[in-house]
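Undergrad: With chain A held as given, fit chains B, C, D and E with the ligands onto it using these hints.
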Amino acid sequence: MIGIRNVSQVYRTRAGDVEALREVSLDVADGEFVAIVGRSGCGKSSLLRLVAGLQTATSGEITVAGTPIRGPRQDIGFMFQRPALLPWRSVIDNVMLPLEVFKVDRRVARTRAHELLDLVGLNGFDKRLPHELSGGMQQRVSLCRALIQQPRVLLMDEPFSALDALTRADLTVELQRLQMKHASTVLFVTHSVDEAVLLADRVVVLSPRPGRLRQIVEVDVARPRSLGHDGHSAALGELRARLHDLLMTTEEVTR
Amino acid sequence: MIGIRNVSQVYRTRAGDVEALREVSLDVADGEFVAIVGRSGCGKSSLLRLVAGLQTATSGEITVAGTPIRGPRQDIGFMFQRPALLPWRSVIDNVMLPLEVFKVDRRVARTRAHELLDLVGLNGFDKRLPHELSGGMQQRVSLCRALIQQPRVLLMDEPFSALDALTRADLTVELQRLQMKHASTVLFVTHSVDEAVLLADRVVVLSPRPGRLRQIVEVDVARPRSLGHDGHSAALGELRARLHDLLMTTEEVTR
Amino acid sequence: MSVTQAPPARRDTAGRDTVRRIGQWSQHLPPVLGLAAAVALWWAVTVVFEVESFILPSPLQVAQTLVEDADYLWDNTLVTLWETLLGFLLAIVVGVPLALVVTASRMLERTVYPLLLMLNAVPKVAVAPLLVVWMGFGQFPKVFLVFLVCFFPIVISTAAGLSSTQADLVELGRSLKMNWWQTFRMIRMPAAVPQLFVGLKLAITLAVIGAVIAEFVGATEGLGYVIVASGASADTALAFAAMILLGVLSVVLFYLTAAVERFFVPWADRS
Amino acid sequence: MSVTQAPPARRDTAGRDTVRRIGQWSQHLPPVLGLAAAVALWWAVTVVFEVESFILPSPLQVAQTLVEDADYLWDNTLVTLWETLLGFLLAIVVGVPLALVVTASRMLERTVYPLLLMLNAVPKVAVAPLLVVWMGFGQFPKVFLVFLVCFFPIVISTAAGLSSTQADLVELGRSLKMNWWQTFRMIRMPAAVPQLFVGLKLAITLAVIGAVIAEFVGATEGLGYVIVASGASADTALAFAAMILLGVLSVVLFYLTAAVERFFVPWADRS
Amino acid sequence: GGSSAAEDAADGTSVTYLTSFGTFGRDSYVYVALEKGYFREAGLDVTVKPGTGTVDVMKLIGSGQADYGTGDLSGVITTMANEPIPVRAVAAIHQRSMAGIASLDKAIDSPEKLAGTTIADSSGSTNMIIFPAYATAAGIDPATVTFVPSSPQSLPQLLAAGSVDAIGQFAAGKPLLEKAAGGKSVTMLPYADKLPDLYGNGLLVSAAKLDSDREEVEKFTEALVKGLVYAVEHPEEAAQLLKKHDRTADETVAAAELTEMRPYVLGDGGSAGTLDRARMERMITLLAGTGTLKSTPSADDLGAYDITTP
Ligand SMILES: Nc1ncnc2c1ncn2[C@@H]1O[C@H](COP(=O)(O)OP(=O)(O)OP(=O)(O)O)[C@@H](O)[C@H]1O
Ligand SMILES: Nc1ncnc2c1ncn2[C@@H]1O[C@H](COP(=O)(O)OP(=O)(O)OP(=O)(O)O)[C@@H](O)[C@H]1O
Ligand SMILES: [Mg+2]
Ligand SMILES: [Mg+2]
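Protein chains in written order, with our numbering: chain A, 1 to 255; chain B, 1001 to 1255; chain C, 2001 to 2271; chain D, 3001 to 3271; chain E, 4001 to 4310.
One thing to keep in mind: the hints can contain errors.
To be verified - DSS-like cross-link-like pairs, simulated, lysine-lysine; straight-line CA separation at most 27 Å:
(1) K4113(E) x K4179(E)
(2) K4243(E) x K4219(E)
(3) K4219(E) x K4244(E)
(4) K1103(B) x K1181(B)
(5) K4194(E) x K4113(E)
(6) K127(A) x K2177(C)
(7) K2124(C) x K4179(E)
(8) K4184(E) x K4106(E)
(9) K3124(D) x K2124(C)
(10) K4219(E) x K4036(E)
(11) K4243(E) x K4036(E)
(12) K4243(E) x K4179(E)
(13) K1181(B) x K3177(D)
(14) K4179(E) x K4244(E)
(15) K4106(E) x K4194(E)
(16) K127(A) x K103(A)
(17) K4243(E) x K4184(E)
(18) K4226(E) x K4244(E)
(19) K4194(E) x K4294(E)
(20) K4036(E) x K4244(E)
(21) K3177(D) x K1127(B)
(22) K1103(B) x K3177(D)
(23) K103(A) x K2177(C)
(24) K181(A) x K2177(C)
Unchecked claim - Which chain D residues face chain E? A few, computed with CB under 7 Å, are given here:
(25) E3052
(26) P3129
(27) F3137
(28) D3235
Don't read these hints as lab results, they were simulated from the structure.
On a predicted model such as this, the values are computed, not experimentally measured, just so you know.
Every residue gets a Cβ at the ideal spot worked out from N, C-alpha and C, and that includes glycine.
For reference, chain A alone in the conformation it holds in the complex (with noise of 0.2 Å):
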């Protein structure tokens, strides 16, 4: 579904360049769930703008469901890293933008919307503006505006950095839920290990900045999964465990 093939990304700043990203290849099947944990600057963030088409790689080619990426698509879907709300809107109106973009019905769109707006715990603040909520409020309404468009490829920037672990525990679940209904190919950023092999089939592991492929880690745990009672299931912990290590430790293991 996702080819990156030989992916550099090289950033000129009048302080001198950065080089976020350096010949970074990987494949993603169909419906297939990837996690991407790595170091803060690694250029987690900068590999997700460019699957999305947000900006170019210096190097190196990305294709999309068989197509390059020339820009942003709409069966694309990309939930930022910050909310990203528009403040004139409420709650309610900024879940619904994409489905006004991608001009779908409004009561549909309303029905949808509610629906996801629950899910996430924030019945009754449907009619409030961004600026009234909390910040890991604005966050899961980021979240529901990303899950609203049901796109084919997901891709998420560090969507649960905001909430607690239980409201995270139920995102998880429901996350799961979706990805399995709707069968949508998810790109994953997270900081945390937990959350990486409970919902991830594989977990790539960057290296710190340049970020270079450093490790993939498949996740062989049927599903659905959660930290409820088999999280702490022998296989998942001894993955927790591994990407720990790899995560803690600097020098380089290549695959």
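TA: Showing chains B, C, D and E with the ligands alone in chain A's frame:
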């Protein structure tokens, strides 16, 4: 050091009232490190803003160092939930801002800023503008800005939420070291139970909105603590599990 | 601190809240006081320096004229008001789309801006007679001059607003592959509205002036006509009375525009 | 896609980048083409409608005048330029602090704004003769009129900029207990600079007009004087030449202001 | 402005003079007096500034920004009736008013043809003010004519473009009008035909100056009138002298204007400059008769009649 007495906060908006905090009381001793955990939207940020004097409680009283809070004070440092960097200032100038306000000698300020930037792994990025940084890097700059003040009271709102495990572990250690060195009193909002038990003397658990004091958990483990080896110590493990259960169950448990 | 009260809004309104609470009546005190002070100063100047009335008539003389010629002045004020509003609306209708065109591409900006600037640089007083030659003595050349005077601030402000949309929001639009019109309607325009209103507030004050300048030439009514007509016979008090009405008109229209702004963009007051 | 290249800036510059890459020379093509088109249209109008030259001289006649009277026109342009710049600087020096005062408290705003508006509403053409009566025939009344014409846009824009600072940043200032001056210097002012420049760009175009209007009365040099004087000999071509120079002056000053803006606020182009 | 205190042997007393309107040929005599050295001989150092109409000139002199100037005497009377300004007339530049109605191609060559026409004129101009008196004298109903105020600069265009039937003009403006109208012939209907008592422009001086330094006023008046007479006698030379000061001036038009002006300046018996009290009184009565004056000023408040003795 900090006295919070029967504090309630109600926000009035066009779409109706929101009760964010209800009758919260808490005493924090001088040099104590208190972590606050609770569900998203339960009023953690509101509580910090009240202590910082950025807004006035609907009812109740807050004192810091014996005097009631009437507005912001320079001996209270606040690290916001969002980075809030000045877009026209370079990284180093953003970090030096508080010392510029306090009229500290520029050379001293610069040296301290460089030390802190090294500490958080941002050496080499001092001349860049905020928009040229990744989300986690921006958060670290904001952290440096809060730390450079060396205030008596440090209020931190999810300071590590955008950071990877390794950076987070490093900073946890550094923050402990700095807090012990300067003997500052810290109120620390976090969603990570690990962080809470590693850093705090006491962990305050707030109930879901309206935020009420649900339980205070004492962390009686010798410092410095770290996730590395003793991180899996029995005492910490037990506390973690207890906090986890507290957060994952919704029913009320009053202390 | 025992009653339930609204928290300060997230915006810095600390000093303002205090004022608000004192009560509605006190809202109107400062402008009234300011006005009174200005009039007092004016009076003092005419008395202390014994300024002759052909240079600066005293407030009393002007007030007298305002009362005596009330009907006449009121009729002429309405004429000017009407021209101002028509021209202003025309400027909005033309200026906002033009701003859009200008921000759509750098190329267009480079082509259109210099021409607009040249056009704008021609002193409107010099244009007024030409407009009469081309369009006759009716209302139309007046409305057109108002339009000429105030479309430029609208274009500049709106263009500035449209091209300074927050980067996140523009990117959101791009990621949804919004077409140009959707980006404009859902993101750029709402984001530019506060800036648009800065332009509108400036434009409305210019519009009043434009109407008056237009009435200097080829008019038989309107405040501008009153000013020239009275100037020709050195009726300085009448001229001043007309100018004061002009000022009042300007103030009223400015605050009306500000009120419309508050109605349309309540959110702009916060984030 | 094999060479290292800069990524697009975070701002939406998609369409603009393309243009930039084509090369430096093509930057100047659109305005030149636009100008050529305008001149061609003008020519066509004079030829097709057989417009008599006292109503609209042909571009050729005007070009001839521009060449023949180059020295004379240049000297007068310099006079106007000088008055414009002085008045403009005066307006900045007075307007920016005034904007500060106005935004410092709602009370002050309520007191000062209506007065400013009244002052601004007086048509400047009507003021010009009065200024000569009060201040004589020198350069000062001209500079003062320029000041009067352009301080208001500066105040309004700067005030708008100062009072729309992003909420986070204002709060940062409050949490550091910055005093009023620090908040202004470190937060409000830098944040308002882009808006200030919107005001300055508008003001500079008005300033040129103000200088010309001032030169209509009691002047013996300057482009405004040339325009009036050419009326005495029905030399419409000369009047048009002066107006074209006026336009060029306006365009040049506008783009200079824009260049200063880019120099001072490179960051405004991004976030 | 200058003052008699600033006495300087080498340069003379500095004074400021305002033309009636701009630097037209009809105002060029001041440059003649300047260039021919008449002012220097009188011990005066004169700075010339272009004026912007009678009322502005009066205000500038009244406020002390200028010492001398020229303005239309009908305008002076009307203005003084509304608003006393400390200004006095000391000489008449035009012995008969040059005001009149201009039309293209003999369209209006007699007063009868005025009925039902639309006339553009600069607002508050003499032509518009005196029209009722003229109409009465010519035996037509003033109410049948519509006046549209316009700016002075646009009048030729309005006429040439056919926007109006006629425009208010001074007789001296005919050459300029013909040039502006692309060579079409222009017909003037001068008010002086029916209203022989009306003066045209007069030399104005501040009342204070007249009181404090009468001698200087006499010298200035004499020098200016000398220049005036020389200018209408030698129009081409005068036009060249004007050109020296205003390079935009059109010498042909300026010379033609002076030629047109000649009979109005010299009057019947070579009495250039003289201002007669009795005529002034008749003028006041005439204007008061139109019913447009707020009060009736006395001739003594308007001028000094012994500066220019015939
Ligand atoms: N300015 C405001 N206006 C109206 N309501 C507000 C405002 N700020 C916060 N709230 C409301 O108050 C409640 C608590 O918000 P707060 O930001 O304190 O939560 P929080 O515990 O920090 O949450 P999070 O973990 O998501 O950051 C929320 O329900 C929010 O909607
Ligand atoms: N617009 C830009 N201009 C210049 N440099 C940039 C830009 N965007 C990102 N960078 C640089 O590229 C590197 C990677 O940034 P990126 O945002 O992809 O990191 P990340 O992996 O998402 O980090 P985080 O976990 O902190 O969000 C960083 O060093 C950053 O400084
Ligand atoms: Mg990132
Ligand atoms: Mg919060």
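Undergrad: Does each hint fit the structure? Answer for all of them.
TA: Verification of the hints:
1. For the suggested pair K4113(E) and K4179(E), the alpha carbons sit about 25 Å apart, so the restraint of at most 27 Å is met.
2. Between K4243(E) and K4219(E), the direct Cα distance comes to roughly 26 Å. Compliance with the 27 Å bound is thereby established for this hinted pair.
3. With a C-alpha separation of about 24 Å, the suggested pairing of K4219(E) with K4244(E) holds against the 27 Å cut-off.
4. The hinted pair formed by K1103(B) and K1181(B) meets the criterion: a straight-line CA distance of about 23 Å does not exceed 27 Å.
5. A distance of roughly 15 Å separates the Cα atoms of K4194(E) and K4113(E); the hinted pair therefore holds under the 27 Å criterion.
6. Under the criterion of a C-alpha separation no larger than 27 Å, the hint pairing K127(A) with K2177(C) is consistent with the structure, at around 26 Å.
7. The suggested pairing of K2124(C) with K4179(E) holds, with an alpha-carbon distance near 25 Å, which does not exceed 27 Å.
8. Between K4184(E) and K4106(E) the alpha-carbon distance is near 10 Å, which keeps this suggested pair within the 27 Å criterion.
9. Of the pairs offered as hints, the one joining K3124(D) and K2124(C) holds, with about 11 Å between alpha carbons and a cut-off of 27 Å not exceeded.
10. With a C-alpha separation of about 15 Å, the suggested pairing of K4219(E) with K4036(E) holds against the 27 Å cut-off.
11. At roughly 14 Å between alpha-carbon atoms, K4243(E) and K4036(E) fall within 27 Å of each other, so this suggested pair holds.
12. The suggested pairing of K4243(E) with K4179(E) holds, with an alpha-carbon distance near 18 Å, which does not exceed 27 Å.
13. Only pairs whose Cα atoms come within 27 Å are accepted, and K1181(B) paired with K3177(D) is accepted, the gap being roughly 25 Å.
14. Between K4179(E) and K4244(E) the CA atoms are separated by roughly 21 Å; this keeps the pair inside 27 Å, and the hint holds.
15. With a C-alpha separation of about 19 Å, the suggested pair K4106(E) and K4194(E) falls inside the 27 Å cut-off, and the hint holds.
16. Restraint check for K127(A) and K103(A): the C-alpha separation of about 22 Å stays at or below 27 Å, so the hint holds.
17. Proposed proximity of K4243(E) and K4184(E) is supported: the alpha carbons are some 25 Å apart, at most 27 Å.
18. A C-alpha spacing of about 19 Å is found between K4226(E) and K4244(E), which places the hinted pair at or below 27 Å, so the restraint holds.
19. At most 27 Å may separate the alpha-carbon atoms for a hinted pair to count; K4194(E) and K4294(E) meet this at roughly 25 Å.
20. Taken as a hint, the K4036(E) and K4244(E) pair is honoured in the structure, with Cα atoms around 13 Å apart against an allowance of 27 Å.
21. At most 27 Å may separate the alpha-carbon atoms for a hinted pair to count; K3177(D) and K1127(B) meet this at roughly 26 Å.
22. Between the alpha carbons of K1103(B) and K3177(D) the distance comes to roughly 13 Å, so the proposed pair stays at or under 27 Å and holds.
23. For a cut-off of 27 Å, the pair hint linking K103(A) to K2177(C) stands: about 13 Å separates their Cα positions.
24. Taking the CA atoms of K181(A) and K2177(C), the gap is near 25 Å; set against the 27 Å cutoff, the hint holds.
25. Proximity of E3052(D) to chain E holds as hinted, the smallest CB-CB distance being about 5 Å (cut-off 7 Å).
26. The criterion of a C-beta within 7 Å of any C-beta in chain E is met by P3129(D), whose closest approach is roughly 5 Å, and the hint holds.
27. Taking 7 Å as the C-beta contact cut-off toward chain E, the hint placing F3137(D) at the interface holds, the least distance being around 6 Å.
28. A distance limit of 7 Å between C-beta atoms decides the matter here; for D3235(D) the minimum to chain E is near 6 Å, and the interface restraint holds.
Comparing the model with each earlier hint shows no violations; every hint is respected.
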